[in-house]
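2 protein chains.
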Amino acid sequence: MKSMYKITLQLQRCARDITNMSQQAVNGISHRGRVLTLDSMNPNVKRVEYAVRGPIVQRAVQIEKELKEGVKKPFTEVIKANIGDAHAMGQKPITFFRQVLALCSYPALLEDSKFPEDVKKRAQRILEACGGHSIGAYSTSQGIECIRQDVARYIEKRDGGIPSNPDNIYLSTGASDAIVTILKLLVCGEGRDRTGVMISIPQYPLYSAALADLGAVQINYYLDEDNCWSLNIAELRRALNAAREHCNPRVLCIINPGNPTGQVQSRQCIEDVIRFAKEEHLFLMADEVYQDNVYAEGCQFHSFKKVLFEMGPEYSNTVEMASFHSTSKCYMGECGFRGGYMEVINLDPEVKAQLIKLVSVRLCPPVPGQALLDLVVNPPQPDEPSYATFMTERTAVLSTLAEKARLTEQIFNTVPGITCNPVQGAMYTFPCITLPQKAIDKAKELGLVPDMFYCMRLLEEDGICLVPGSGFGQREGTYHFRMTILPPTDKLKVVLQKIREFHLRFTQEFS
Amino acid sequence: MKSMYKITLQLQRCARDITNMSQQAVNGISHRGRVLTLDSMNPNVKRVEYAVRGPIVQRAVQIEKELKEGVKKPFTEVIKANIGDAHAMGQKPITFFRQVLALCSYPALLEDSKFPEDVKKRAQRILEACGGHSIGAYSTSQGIECIRQDVARYIEKRDGGIPSNPDNIYLSTGASDAIVTILKLLVCGEGRDRTGVMISIPQYPLYSAALADLGAVQINYYLDEDNCWSLNIAELRRALNAAREHCNPRVLCIINPGNPTGQVQSRQCIEDVIRFAKEEHLFLMADEVYQDNVYAEGCQFHSFKKVLFEMGPEYSNTVEMASFHSTSKCYMGECGFRGGYMEVINLDPEVKAQLIKLVSVRLCPPVPGQALLDLVVNPPQPDEPSYATFMTERTAVLSTLAEKARLTEQIFNTVPGITCNPVQGAMYTFPCITLPQKAIDKAKELGLVPDMFYCMRLLEEDGICLVPGSGFGQREGTYHFRMTILPPTDKLKVVLQKIREFHLRFTQEFS
Chain A
1 MKSMYKITLQ
11 LQRCARDITN
21 MSQQAVNGIS
31 HRGRVLTLDS
41 MNPNVKRVEY
51 AVRGPIVQRA
61 VQIEKELKEG
71 VKKPFTEVIK
81 ANIGDAHAMG
91 QKPITFFRQV
101 LALCSYPALL
111 EDSKFPEDVK
121 KRAQRILEAC
131 GGHSIGAYST
141 SQGIECIRQD
151 VARYIEKRDG
161 GIPSNPDNIY
171 LSTGASDAIV
181 TILKLLVCGE
191 GRDRTGVMIS
201 IPQYPLYSAA
211 LADLGAVQIN
221 YYLDEDNCWS
231 LNIAELRRAL
241 NAAREHCNPR
251 VLCIINPGNP
261 TGQVQSRQCI
271 EDVIRFAKEE
281 HLFLMADEVY
291 QDNVYAEGCQ
301 FHSFKKVLFE
311 MGPEYSNTVE
321 MASFHSTSKC
331 YMGECGFRGG
341 YMEVINLDPE
351 VKAQLIKLVS
361 VRLCPPVPGQ
371 ALLDLVVNPP
381 QPDEPSYATF
391 MTERTAVLST
401 LAEKARLTEQ
411 IFNTVPGITC
421 NPVQGAMYTF
431 PCITLPQKAI
441 DKAKELGLVP
451 DMFYCMRLLE
461 EDGICLVPGS
471 GFGQREGTYH
481 FRMTILPPTD
491 KLKVVLQKIR
501 EFHLRFTQEF
511 S
Chain B
1 MKSMYKITLQ
11 LQRCARDITN
21 MSQQAVNGIS
31 HRGRVLTLDS
41 MNPNVKRVEY
51 AVRGPIVQRA
61 VQIEKELKEG
71 VKKPFTEVIK
81 ANIGDAHAMG
91 QKPITFFRQV
101 LALCSYPALL
111 EDSKFPEDVK
121 KRAQRILEAC
131 GGHSIGAYST
141 SQGIECIRQD
151 VARYIEKRDG
161 GIPSNPDNIY
171 LSTGASDAIV
181 TILKLLVCGE
191 GRDRTGVMIS
201 IPQYPLYSAA
211 LADLGAVQIN
221 YYLDEDNCWS
231 LNIAELRRAL
241 NAAREHCNPR
251 VLCIINPGNP
261 TGQVQSRQCI
271 EDVIRFAKEE
281 HLFLMADEVY
291 QDNVYAEGCQ
301 FHSFKKVLFE
311 MGPEYSNTVE
321 MASFHSTSKC
331 YMGECGFRGG
341 YMEVINLDPE
351 VKAQLIKLVS
361 VRLCPPVPGQ
371 ALLDLVVNPP
381 QPDEPSYATF
391 MTERTAVLST
401 LAEKARLTEQ
411 IFNTVPGITC
421 NPVQGAMYTF
431 PCITLPQKAI
441 DKAKELGLVP
451 DMFYCMRLLE
461 EDGICLVPGS
471 GFGQREGTYH
481 FRMTILPPTD
491 KLKVVLQKIR
501 EFHLRFTQEF
511 S
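Chains as they are written, first to last, in the UniProt record's numbering: chain A, 1 to 511; chain B, 1 to 511.
Among the clues, some could well be false.
Note that the list lumps identical chains together, so a pair holds whenever it fits in one copy or between two copies.
[As the list claims (entries may be wrong)] Here are the simulated lysine-lysine pairs, DSS-like style, with alpha carbons at most 30 angstroms apart: (1) Lys114 - Lys92; (2) Lys68 - Lys114; (3) Lys184 - Lys442; (4) Lys65 - Lys491; (5) Lys352 - Lys65; (6) Lys352 - Lys68; (7) Lys352 - Lys184; (8) Lys65 - Lys157; (9) Lys444 - Lys157; (10) Lys121 - Lys65; (11) Lys438 - Lys184; (12) Lys493 - Lys352; (13) Lys120 - Lys92; (14) Lys444 - Lys306; (15) Lys120 - Lys68; (16) Lys65 - Lys114; (17) Lys278 - Lys114; (18) Lys92 - Lys121; (19) Lys278 - Lys352; (20) Lys72 - Lys157; (21) Lys157 - Lys352; (22) Lys73 - Lys184; (23) Lys72 - Lys278; (24) Lys184 - Lys491.
Hints listed in this document are in silico derivations from the structure and should not be mistaken for laboratory results.
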């Protein structure tokens with residue numbers, strides 16, 4: 001009871017903070033004549049929100065500190081299931097990747113007999129492509145040429161031989177960097193001419209954050225939760241037509257496999273989306289960073305580029321597209337290296353020149369991340385000494401993820417008041433939670449959105465950190481949370497069990 | 001004669017390209033109904049320019065390819081003295097840094113007896129601060145906490161004990177990233193209320209590029225070339241007053257030691273600048289990435305923060321400031337890792353919350369770069385096994401740079417028509433070149449700015465790549481180029497000699 005009281009206090013404090021901050025954002029309180037204050041700062045930045053690292057995560061970090069300081073809690077550790085951070089959840093790096101990176105960092109190890117020949121060969125090749133044979137030199141702004149060639153070959157292989165041109169490949173600081181860069185090129189105009197960008201709801205909040213920052217108009221199209229979060233062209237058209245009245249829609253963003261919703265788009269759906277983009281004269285942005293994370297029976301990843309080219313020259317010569325990939329997800333989960341690339345299709349040559357100019361201002365993407373990307377797109381081959389270990393490690397990670405995807409769906413669907421679509425791909429589940437009216441009222445009383453109230457309570461009571469669905473967007477009156485399936489299987493089972501019990505307790509308390 | 005003809009053709013082509021591009025930028029030619037064209041793209045991006053990697057560098061890369069393909073040239077290699085890229089110019093990485101990074105990449109090496117204990121200790125410490133003990137995990141968006149603590153201790157030591165708070169330290173993707181982030185917070189308003197940002201002329205083009213991108217008003221203040229590029233408060237005041245008529249000046253950017261001008265500011269000058277910033281209610285941005293690159297007798301680096309605090313609470317409690325540092329310059333020159341940090345002083349707590357939110361959208365700076373930064377701010381200590389080698393390597397780099405700084409000034413000043421200020425610090429020289437009227441006319445005829453014409457000719461005839469002064473800004477009617485002092489001493493002597501001969505030839509030809 002006492003701890004419950006503490007929790008309520010904590011929640012009220014947190015609610016106050018949130019209200020204050022937004023209040024001040026509106027009123028703009030001036031601060032002893034500072035140059036830079038909430039009211040004198042860039043208003044677009046104020047509009048930026050990024051739930052994946054929002055207030056709940058900050059509270060989780062606080063709680064971890066309190067635990068370290070010996071504060072008694074109903075739990076001994078905080079489990080952060082809020083972000084797709086595989087290594088933080090105990091996944092081990094791929095040996096081959098890290099061996100090559102070690103040799104690139106300290107080339108004296110090229111003489112060390114304990115490293116396999118293919119490891120040395122790759123390190124040597126990367127170093128020879130670096131200025132002064134050092135990963136400490138700047139690369140060209142578009143990225144190291146031989147790495148862009150490897151990326152192009154990887155794409156050709158992935159897409160059954162459809163050609164890829166290294167000049168269309170731009171290496172980046174994670175996928176986020178490239179996504180923001182393309183949006184920056186596209187967003188312009190004022191008032192009704194302002195660029196509108198279509199994003200799915202639920203969405204990955206990088207998109208809403210970037211659009212707020214750029215002052216673009218966000219156009220929401222809703223994924224169909226009743227049909228496993230599938231994308232419906234009629235809904236795209238509805239959203240587009242509504243938006244045409246107040247902005248200039250020019251961009252359509254797709255995340256496949258889906259984040260936070262984990263669906264994998266059918267080939268047919270992708271074809272329809274491409275046809276829609278051509279008809280409606282939209283620039284396509286295909287976020288495909290989870291392309292290796294496909295688990296469900298009968299599901300398969302189809303790249304937008306492959307489908308585009310299979311639709312024939314009428315499409316492959318006209319539809320403008322950028323596709324994004326990253327070293328942070330899939331089986332390697334190397335988030336910290338911030339490696340990634342984008343491939344642009346049918347981009348105006350003059351705009352390409354502008355793009356190269358724009359990326360050159362930041363000099364180059366981190367070279368260790370470029371090196372890592374080279375290994376991801378060009379892994380050990382069957383005749384190479386590192387192949388066996390590489391395949392064992394890769395397969396282990398992906399099959400465990402597939403198992404955890406099934407497990408998550410199964411257990412959640414046994415909980416009355418939680419309905420969970422199959423996790424077909426990516427590394428998240430986004431279940432729908434039914435909240436009793438009294439809980440919704442209580443949340444409003446505390447000045448919290450209901451699913452934030454739910455997640456905060458879960459965090460305070462069980463030390464599990466999830467992200468409220470409101471951080472990704474959801475249909476009015478529905479409530480969700482995003483949870484990663486990354487914790488080790490045993491821990492994941494505990495987490496799912498704890499959420500189950502919490503949900504029943506919570507529903508009980510407020511009914 | 002024939003080769004001279006080819007060069008002129010080449011120059012005319014290049015000039016045409018430049019004119020076309022700018023023409024099209026103005027007219028905005030539409031392209032077969034593309035969504036994204038020069039005329040339909042973000043106009044701010046079109047305004048961005050970045051000379052350090054501009055047309056001349058692109059031509060240099062072309063020439064390198066031509067040489068590879070066996071095309072005959074009056075030279076056998078292109079020497080790129082256009083960018084501060086130490087490793088590309090043959091400088092070797094610091095052994096200690098790279099050993100620790102190798103162990104962080106592949107922790108199995110922690111068991112390897114060939115690595116000194118202090119190397120292992122540092123790697124262990126960094127890994128323990130990473131999620132899942134892997135540099136492949138995301139860090140907090142502000143940067144790994146124990147690294148921010150090390151940065152704070154480093155600053156305290158550097159500034160004679162003036163306290164530094166890790167909460168005021170933000171790790172970044174090189175210094176550029178942090179500089180753009182702070183500018184993004186500051187720039188807002190429309191028309192006459194639009195934020196104005198004061199930058200030195202000559203400047204490092206990151207600033208003009210970022211201001212164009214953000215649509216801020218660039219306010220130029222000129223450095224005093226006749227007084228070794230010193231900063232003159234009267235000139236600051238002139239620039240500010242002129243700007244007040246058409247914008248809202250809120251920011252003053254300083255680069256010390258100077259890029260491209262290599263001057264080192266006196267303590268007195270820094271005090272005057274701080275007083276000016278307080279009087280005029282300006283946010284101070286101190287770009288101090290060359291703080292270890294000071295060569296000239298009697299010159300010393302004074303950090304803006306130290307001077308600010310020595311001026312007493314009246315200043316240290318009120319003046320808002322951000323100071324920037326990087327792993328790319330100084331003695332380590334690790335550009336490829338994109339490591340850096342900023343320290344903010346007197347930043348509004350509510351703005352700090354906004355800053356953390358903003359950086360969280362990009363998740364985190366590259367973790368290998370954060371690890372490297374930790375080693376830079378916390379190098380081997382006298383009682384540690386790696387100390388001797390570290391000091392030998394560090395001293396060798398810095399003393400060679402000092403020698404090359406002297407050499408450069410000396411040789412240039414023997415050339416009639418070239419006047420060169422002492423290279424007191426940083427890694428560049430920005431000599432003034434006198435161009436004959438006929439050369440200026442010829443350049444105009446080709447549609448090139450005169451110093452671009454000069455540098456293009458030098459590149460085509462001698463394979464030396466410099467950046468024209470016009471890329472950094474210079475007083476009307478004066479001409480300069482920026483050259484790095486980074487080539488190895490022998491090569492630098494050749495470069496200086498070749499420039500000497502070229503300049504005499506060029507002057508001859510056009511007089």
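Exercise for the section: Check Lys352 against Lys68 for me: Cα-Cα at most 30 angstroms, and say if that holds within a copy, between copies, both or neither. Expected result: between (51 angstroms within a copy, 25 angstroms between copies)
Practice task
Check Lys72 against Lys157 for me: Cα-Cα at most 30 angstroms, and say if that holds within a copy, between copies, both or neither.
Solution key: neither (55 angstroms within a copy, 38 angstroms between copies)
Exercise for the section: Can you give me the call for Lys184 and Lys442, within, between, both or neither, at a CA distance of at most 30 angstroms? Expected result: neither (41 angstroms within a copy, 38 angstroms between copies)
Practice task
Since the copies are identical, ignore which copy is meant and state whether Lys444 and Lys306 lie within 30 angstroms (CA to CA) inside a copy, between copies, both or neither.
Solution key: neither (48 angstroms within a copy, 49 angstroms between copies)
Exercise for the section: Could you place Lys352 and Lys184 in one of the four classes (within, between, both, neither) given a Cα distance threshold of 30 angstroms? Expected result: Both: 13 angstroms inside a chain and 25 angstroms across chains, each within 30 angstroms.
Handout entry: Copy assignment of Lys73 with Lys184, given that the CA separation must stay at most 30 angstroms
Key = neither (46 angstroms within a copy, 40 angstroms between copies)
Exercise for the section: Pop the pair Lys120 and Lys92 into one bin, within, between, both or neither, using alpha-carbon distances up to 30 angstroms. Expected result: both (21 angstroms within a copy, 20 angstroms between copies)
Problem - Status of Lys157 relative to Lys65 across identical chains (alpha carbons, at most 30 angstroms) - result: Close across copies (28 angstroms), not inside one copy (48 angstroms); limit 30 angstroms.
Problem - Lys438 and Lys184: within-copy, between-copy, both or neither at 30 angstroms Cα - result: Classified as neither; 44 angstroms inside a copy, 43 angstroms across copies.
Problem - Identical-chain pair category, Lys444 with Lys157, by Cα at 30 angstroms - result: neither (53 angstroms within a copy, 50 angstroms between copies)
Handout entry: Alpha-carbon proximity context of Lys120 and Lys68, limit 30 angstroms
Key = between (42 angstroms within a copy, 26 angstroms between copies)
Handout entry: Homomeric proximity label, Lys65 with Lys491: Cα distance no greater than 30 angstroms
Key = within (21 angstroms within a copy, 55 angstroms between copies)
Violation of the numbered hints given earlier is confined to hints 2, 3, 9, 11, 12, 14, 16, 17, 20, 22, 23, 24; the remaining hints are satisfied by the structure.
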